[in-house]
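Protein chains in written order, with numbering that gives the first Met the number 0: chain A, 0 to 391; chain B, 0 to 391; chain C, 0 to 366; chain D, 0 to 366.
Calculated from the structure, these hints are not laboratory results.
There's no promise every hint is true.
Not the full set, but computed from the structure, chain A residues with beta-carbon under 8 Å of chain C [stated by the list, open to error]:
#1 Ser138
#2 Asp139
#3 Ile208
#4 Ala343
#5 Val347
#6 Asp349
List of simulated lysine-lysine pairs, DSS-like, C-alpha gap at most 27 Å [to be verified]:
#7 B/Lys384 x C/Lys312
#8 D/Lys312 x A/Lys268
#9 C/Lys252 x A/Lys184
#10 A/Lys168 x A/Lys357
#11 D/Lys312 x B/Lys357
#12 B/Lys384 x B/Lys184
#13 B/Lys318 x C/Lys312
#14 D/Lys312 x A/Lys280
#15 A/Lys357 x C/Lys312
#16 C/Lys312 x B/Lys268
#17 D/Lys252 x B/Lys183
#18 C/Lys312 x B/Lys280
#19 D/Lys312 x C/Lys312
#20 D/Lys252 x B/Lys184
#21 B/Lys318 x C/Lys252
#22 B/Lys384 x A/Lys384
#23 A/Lys331 x C/Lys312
#24 A/Lys168 x A/Lys226
#25 A/Lys268 x C/Lys312
#26 A/Lys280 x C/Lys312
#27 A/Lys206 x C/Lys252
#28 D/Lys252 x A/Lys384
#29 A/Lys384 x D/Lys312
#30 B/Lys268 x D/Lys312
#31 A/Lys268 x B/Lys280
#32 B/Lys384 x C/Lys252
#33 B/Lys299 x C/Lys312
Simulated coverage check for chain C against chain B, where a stretch passes if three residues somewhere in it have a Cβ under 8 Å from a Cβ of chain B [as the list claims (entries may be wrong)]:
#34 244-256
#35 282-289
#36 352-366
None of these values were measured; they are calculated from a predicted model.
Yeah, the Cβ is synthetic: ideal placement off N, Cα and C, and Gly gets one too.
Residue-level listing of the chains:
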Amino acid sequence: MSLEDFRKEVIDFIEANCAESMRQPMVKESDTYWGGRNATFQNEDQERWFTAMAERGWTTPTWPKEYGGGGLSKAEAKILKQEMDKRKCRPPLLSFGIWMLGPALLQFGSEEQRQQYLPDIIQGKTRWCQGYSEPGAGSDLAGLQTSAISDGDHYIVNGQKVWTSYGDKADMIFALVRTDQSVKKQMGITFLLVDMDTEGVSTQPIKLISGKSPFCETFFDNVRVPKANVIGEENAGWTVAKYLLTHERSAISSAVDADMLTPLSYYAKNSIGVDETGVLKDSILRSDIVEWEIDAAAFKFTLERINEEMKAGQAIGAKSSFMKYYGSELNKRKYELRLQVEGADGLVWDGERTNEGKVARQFCRTKGNSIEGGTSEVQLNIISKHILGLPS
Amino acid sequence: MSLEDFRKEVIDFIEANCAESMRQPMVKESDTYWGGRNATFQNEDQERWFTAMAERGWTTPTWPKEYGGGGLSKAEAKILKQEMDKRKCRPPLLSFGIWMLGPALLQFGSEEQRQQYLPDIIQGKTRWCQGYSEPGAGSDLAGLQTSAISDGDHYIVNGQKVWTSYGDKADMIFALVRTDQSVKKQMGITFLLVDMDTEGVSTQPIKLISGKSPFCETFFDNVRVPKANVIGEENAGWTVAKYLLTHERSAISSAVDADMLTPLSYYAKNSIGVDETGVLKDSILRSDIVEWEIDAAAFKFTLERINEEMKAGQAIGAKSSFMKYYGSELNKRKYELRLQVEGADGLVWDGERTNEGKVARQFCRTKGNSIEGGTSEVQLNIISKHILGLPS
Amino acid sequence: MAYVLTEEQQMLSDSARDLFKAAPVALVRELRDQDNEVGYSQDLWKEMVEMGLNGLLVSEENGGMDFGWRGMGVILEECGRTLSNSPVLTTAVAAHIIDRYGSEEQKAMLTEIITGGKSITIALRSTSRMSADECIVTADGDHYLLSGTKQMVANANTADYILLSALSDGVEQYYLIENSDAVQVETERYMDSRMYSRLSFDSVKLSQSALVGVAKAQRAIATTLISGLNALLSAELLGLMTEAFERTVGYLKERRQFGVLIGSFQALQHRAADLYSEIELVKSIVIKALDALDDGDPIATAYCSMAKAKASKIAQLATNEGVQMYGGIGMTDDEEIGFFMKRARVAAEQFGSMSYHADRFARLSSY
Amino acid sequence: MAYVLTEEQQMLSDSARDLFKAAPVALVRELRDQDNEVGYSQDLWKEMVEMGLNGLLVSEENGGMDFGWRGMGVILEECGRTLSNSPVLTTAVAAHIIDRYGSEEQKAMLTEIITGGKSITIALRSTSRMSADECIVTADGDHYLLSGTKQMVANANTADYILLSALSDGVEQYYLIENSDAVQVETERYMDSRMYSRLSFDSVKLSQSALVGVAKAQRAIATTLISGLNALLSAELLGLMTEAFERTVGYLKERRQFGVLIGSFQALQHRAADLYSEIELVKSIVIKALDALDDGDPIATAYCSMAKAKASKIAQLATNEGVQMYGGIGMTDDEEIGFFMKRARVAAEQFGSMSYHADRFARLSSY
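All chains should be built: construct the whole structure from the sequences, respecting the hints.
Given below as structure tokens:
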């Protein structure tokens, strides 16, 4: 089929299956569909859109057909994305299985494991969460202590994970566990899949400074996990983890980017007003806003440029650390200014009038940008070492 | 004599000996009198003022009478300073001997050494310079390599010093030399006095990014120096050096302070102008000036506060590092803004119209503030370790 | 004036510290989690009243302790350390205004304020941006009528009185009124877990005796209120940032990453040392502002705005560095460092934002 | 538009780099130490003319190479790396204006400019603050009379022509005039060792043909000049800061203190990594501004001012960090890092200061 025909097919497909209500921005939790054993649809439109996409494997357009993926070429996948973007179609399925585990399975999993897990990810039957961080470890991810002791063809897992997003709603977790205490810390880590229904697994949501959050703590108390659930080799989990971290870092920096579309000056003009020459009334705050807006635009262009350089064949390498670092700090600066722009109303925490203190809570939440997915300090270390080649 | 009588005596003395021309700000090099073997006076007024002060030992008001100092009590010295300040009297003698070597001799010198050197410092007969830094050492002062090899009752000195202020005009140098290569670097340093007329000593002025400077490089090529010229013990020079560095640090931060008296906004109003409501026309630059002026005022108050706390008996300790650090950075910020305030005229380098590019050269010179006398980085290390108690 | 505390001020500071030990940050959390509608501990307020804190800025002849702004600053600094909330800031400052400018009738209220614990809130201009007032007072026979709105009025849901500004023929005037049913009060919880209200006045009747001070005194009242409230908020921010910084440095000394204490990382050390320096500057300018108020020096207006602008900025820096250096833990509601950040942002906005005060300082310096 | 250079642009960049290898920073020092009154190397200028650089922004039909702003930016970036001085910036931009808006008579000059190396300087408004012009043109029979002053005009002591703005009945107009004896030129050496002049016009006679372009075109000329010159200066600053940064990082890798390479100190590493990030941003905005000019996109005006404001600021940071990290050596005239700092400050001020461009951007964004 020619690309032109394919485009036509895509358009017809969207028009037939993606209702108007599936083309509105997602604002509430229930507007998103995450799949999983206990999933329910918000309404028929959501179900129809998801089902139609999943049937074609278009929840994962470029994954191989043999596992139920779309099997599309890059060019076809681009067309699908273009036409969906053009119509503002919601993603039919949000899934850590698609964003994180799937790529790892395709890279490191055995054929058996791919056949076991990929179809359920594509069809939204299994909801996954990530178990990397631990309370003691922080930036020193490799210092993790959750232990998996060999017991015949099983491991006995004990320990605790934090920042497991939607851990309380997930069916399965992909976790890093320590299988060898005696070697250099990176060498004794294994990448392990654990069913959340196994006896001894429990979760508890984490409340953030911004209020409720999708994050959980997940506890493992003598949990028996089959050794067949290891991805890659035993004690070689660090390689898998590093592969996935790069994925995560890019995902975060593009999320930051999307939030940057409304100019700060728009809010400022609304809230503060302009003088007779059209200049913002608060000249000192204006000066900070100008500085921020120039940086934000220059950063946006930089993301475009690096994207283009990647397409031209340059390796992105440690530049993802630069994007993560700068994007996080920029977003924090934005919300410091946003608070000042909004004045008193930006400080309200509760109540309908302010949509439960949306600005104040977003402000608080941005403080995590430079911590999650590798702190700003860690990113600066990476830039210093891998881009600038400074000695350690 | 009562303090009141003393004040009267001081006033009479000043009126009798300090001519009107000696009460003008010093602007040219020849307005300052540094003494030394080859010194000449600018005019009779300068000579009379110096001679009268030196006769009474008031070039060093609180130094002991036995060495020719003023022998004044703290209260009397304060009165002398007050009355001189009130009349804007020029200092009769500028001297590294007074500021640096003298205190070290009084603390660490033998009785014989004090009698040999202090009177000539007080009488302005010997001009001293400091030989600490070396080209390779930088912030790592203790890493110095100028060697002094024992040869009977002499040392043979070889090596090079940099940043020896007025090295080309000095009669003597107090220098740090390495007398033991085999021990920890701080343990093998000796504090040594060297006559600049000795064979093998040569100097060469250093040109800075701001133009001509009082700094020199000083070279030692098989220079024979009597061992009697060691201050303190052989290999114990580091103690003397550290004592003197604290003196230097306070001196620099108070110099910065004096330069801060004219508000930046004064220059800005002159150069940029104000609108009909009296607000500076360049609102973005104004915002930076406001920030700087608040910091400058708060820093000035902090110097006052620390001064008062010292008087109340609190040890200044590592706070001198904080003052040095903040004062240097503040002055650099000031001149960045000053350049912007002056516009094109602030960028001129040569010619009478701009007093040989005074602003541009001052701007360049400020960049050295955070390097000389211990870099900002070294000061931050000291604050971190000695005030905050952070681990190394 | 002096930077070092007098013995008397030091004693006051010590007792305040003891008092607020009973009101730690945990209390802020508790009140919030209980959805407490008052927003502060009434038991603590009672103890503060017993200590006479409402009269610290009132002359002895009117039953106060006349400790001056510096003395009051010592109290606010301690409040800042534990994030302790109460109506003491506005009540003590309003009592000072009554003491100094009030009519005999108004002065008679001082006893119940100082010993009876009646609280007063203060509403300057209409927004924290401090642009022209939106409240208007018009004469109506032998009464005034007050109309308009006020934003972000602290503790207005529990205050007995309100000291507020309004325009009368375009001129800013100050009125002390009862917080009666005629005043519409919409109260919301802010980021710092405290309660602030939007007030609406729809032709609220005021007696002519509600005006505070003679016509000539109105500018002095405005200046004292803006300067005094902000100098005291700066003292609160000083206590807040000092505590947040000490906690952060403490954490740097105990938290390990990559096998070493994170406080041994030079990049963090330099940031901490720089922050230390900035806090030293805040301390000096806060003292200077309070002292200038005590001395009645006209430069106080500039110093108070400098103090508020600088304290707000460095409190922002200190709490951001705190959350960042605590890392993931700092992002959780379980850890207290976030409470410091939240209070810092609200205090910065009260009675004039950072940019308002920076601008005010520049204008006072004629540029 | 594209961020990646075309093959043609890459070749241009390579030849420029080769050319400027012969004009290293040492040449700047040499010219300065010789008190050279020209301020740039005339040999180098000749080679630049031979390469056709004056015609990079001129259409092929008028004898140019039509390489566009992006192509010209590549040249300026290389000039920035070696701090190379010449009249190419103003000459090439003025040639572009003549090509696009000039009369036939003016276009006839293009040949001698492009192949004969006649140089043109440009004087916008009267000061680098870019406030209203102080030059006035009045009609006088069949001539104009020009009076007023201009500040900081680059290479006016050697320029053959001057393209300048002046107010005619309060409207900004552009004139191309000969740099004749009637123009008073006072030339001074600036911090960057280049020569700039103050021009005075005392009823200087201009022929009516001196006006460039029709009345309607004047605003477009002004916009093109302000935007184009500043985008190119930003490209120069990009080259300058990149070179200064690379030298500094190189020094961090070779200089030892306390027994280790100073590049191993984490505090310096983080500062270097942050600076790296900032320079990446400058690179993107400079490309974006030049491309927008090439596309004739009206957003170019905003992008060019953003580029100049950002490039000036980061060049300041990069050169300050350079001098500081070089330490005492960086303070000596023997070390070249100081030359980068000095040129950065002057380039920042040329054709509109940092604050002028930040303000221009905000106004163009309607706030």
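Now for the hints, and whether the structure bears them out:
{"no.": "1", "hint": "Ser138", "verdict": "5 Å, holds"}
{"no.": "2", "hint": "Asp139", "verdict": "4 Å, holds"}
{"no.": "3", "hint": "Ile208", "verdict": "3 Å, holds"}
{"no.": "4", "hint": "Ala343", "verdict": "4 Å, holds"}
{"no.": "5", "hint": "Val347", "verdict": "5 Å, holds"}
{"no.": "6", "hint": "Asp349", "verdict": "5 Å, holds"}
{"no.": "7", "hint": "B/Lys384 x C/Lys312", "verdict": "25 Å, holds"}
{"no.": "8", "hint": "D/Lys312 x A/Lys268", "verdict": "26 Å, holds"}
{"no.": "9", "hint": "C/Lys252 x A/Lys184", "verdict": "23 Å, holds"}
{"no.": "10", "hint": "A/Lys168 x A/Lys357", "verdict": "24 Å, holds"}
{"no.": "11", "hint": "D/Lys312 x B/Lys357", "verdict": "23 Å, holds"}
{"no.": "12", "hint": "B/Lys384 x B/Lys184", "verdict": "20 Å, holds"}
{"no.": "13", "hint": "B/Lys318 x C/Lys312", "verdict": "22 Å, holds"}
{"no.": "14", "hint": "D/Lys312 x A/Lys280", "verdict": "25 Å, holds"}
{"no.": "15", "hint": "A/Lys357 x C/Lys312", "verdict": "23 Å, holds"}
{"no.": "16", "hint": "C/Lys312 x B/Lys268", "verdict": "26 Å, holds"}
{"no.": "17", "hint": "D/Lys252 x B/Lys183", "verdict": "25 Å, holds"}
{"no.": "18", "hint": "C/Lys312 x B/Lys280", "verdict": "25 Å, holds"}
{"no.": "19", "hint": "D/Lys312 x C/Lys312", "verdict": "22 Å, holds"}
{"no.": "20", "hint": "D/Lys252 x B/Lys184", "verdict": "23 Å, holds"}
{"no.": "21", "hint": "B/Lys318 x C/Lys252", "verdict": "21 Å, holds"}
{"no.": "22", "hint": "B/Lys384 x A/Lys384", "verdict": "26 Å, holds"}
{"no.": "23", "hint": "A/Lys331 x C/Lys312", "verdict": "15 Å, holds"}
{"no.": "24", "hint": "A/Lys168 x A/Lys226", "verdict": "24 Å, holds"}
{"no.": "25", "hint": "A/Lys268 x C/Lys312", "verdict": "23 Å, holds"}
{"no.": "26", "hint": "A/Lys280 x C/Lys312", "verdict": "20 Å, holds"}
{"no.": "27", "hint": "A/Lys206 x C/Lys252", "verdict": "26 Å, holds"}
{"no.": "28", "hint": "D/Lys252 x A/Lys384", "verdict": "12 Å, holds"}
{"no.": "29", "hint": "A/Lys384 x D/Lys312", "verdict": "25 Å, holds"}
{"no.": "30", "hint": "B/Lys268 x D/Lys312", "verdict": "23 Å, holds"}
{"no.": "31", "hint": "A/Lys268 x B/Lys280", "verdict": "21 Å, holds"}
{"no.": "32", "hint": "B/Lys384 x C/Lys252", "verdict": "12 Å, holds"}
{"no.": "33", "hint": "B/Lys299 x C/Lys312", "verdict": "18 Å, holds"}
{"no.": "34", "hint": "244-256", "verdict": "holds (count 3)"}
{"no.": "35", "hint": "282-289", "verdict": "holds (count 5)"}
{"no.": "36", "hint": "352-366", "verdict": "holds (count 8)"}
In this structure, none of the earlier numbered hints is contradicted; all agree with it.
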